[in-house]
Amino acid sequence: MYTCTIHLSRCVTIFILALIAPNITYAQSVCGNTDEECISKNVITIAPGANQSTVDLWTRHQNSTAVYGRTWIGPYTTDSRHMNGNRDTIIFVPAQFDRTKQADIFIWLHGHNGFNKFENRILRHVPELYRRGLNPVFILVEQPWSHWTSTRTSRNGTGPFRQPGEFQRWENSMISMLQFLGVTIFDISGENVYLFGHSAGGSGILSMSRSDALEQLRPGNIIFSDSTYGSWYRSFHDNYHSRYPSTRVAVLVRRGTTTHESMRRFYRDRRGQIPETLRYMVLDNRTWTHKRIGDNCLLYPGSPFPP
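Numbered by my numbering, the letters in the sequence shown go through residues -8 to 298 in order.
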């Protein structure tokens, strides 16, 4: 069933999705100023239980960057410490997405007090990624330390997908939503999956390596964006990369910082065991702040990062 109502220069569309995803009974879509724009420019599909504050912020950031497409926003797990009782996932298929080409899946795990920097860290890079010949689709996974929780700087390593089977349930729902948004699933290869973890997002990658999540996902590319605190990277290596050494892993750190020191210890203690697929980049801390790395890591490798 499809209903479109124009109200206050905003189009509201109701989709019945019960046959697409069993856990979702309906979704509400918010888009541009006219019915034509709903179809051709920007559609945001909101599942029941999604955080309206996230929806509003995503919409504002799309408008400020003029980066549009098809978006799905919905909850994937309950969380008693979240202001909305659930943590969300955002799937974004840009308007430039070419259905005739293989998709590049960018999965983003944010850092402390995150899931609120969509403009600087995701949307503004979309045109450049397409200019480089990529065909990206973005999946943004809210972490237990998001801006919308009471634990904005804690619960490291507790998500996402900590429990066995949790990732599989999430993945099944995401596949349904990607298909709904027009992404051909059978064309997706692990080689075209990019997993980014910025700051505390590195502990999210660690969490996925401890459960069955990384083994299920098998991403071809993993990027630690100034996110190798403590033993996070060492444990990820022991849990996953040492067993799947063909995975291309990039580690970006700032010289003389905690993340740099942890990698120095890793190289010292794992001498002779380092996969050739690990790319380790130490950035000048006079020109590269922690924030600058996070704001730009989706563009790695390539400008503004050194060759």
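Careful, some of the hints might be misleading.
The calculated DSS-like cross-link candidates involving lysine-lysine, where the alpha carbons are at most 25 angstroms apart (straight line), are [as the list claims (entries may be wrong)]:
{"no.": "1", "residue 1": "K92", "residue 2": "K32"}
{"no.": "2", "residue 1": "K108", "residue 2": "K282"}
{"no.": "3", "residue 1": "K32", "residue 2": "K108"}
Bear in mind the hints are in silico, worked out from the structure with no lab data behind them.
Going through the hints against the structure:
no., hint, result
1, K92 x K32, "holds (20 angstroms)"
2, K108 x K282, "holds (11 angstroms)"
3, K32 x K108, "holds (22 angstroms)"
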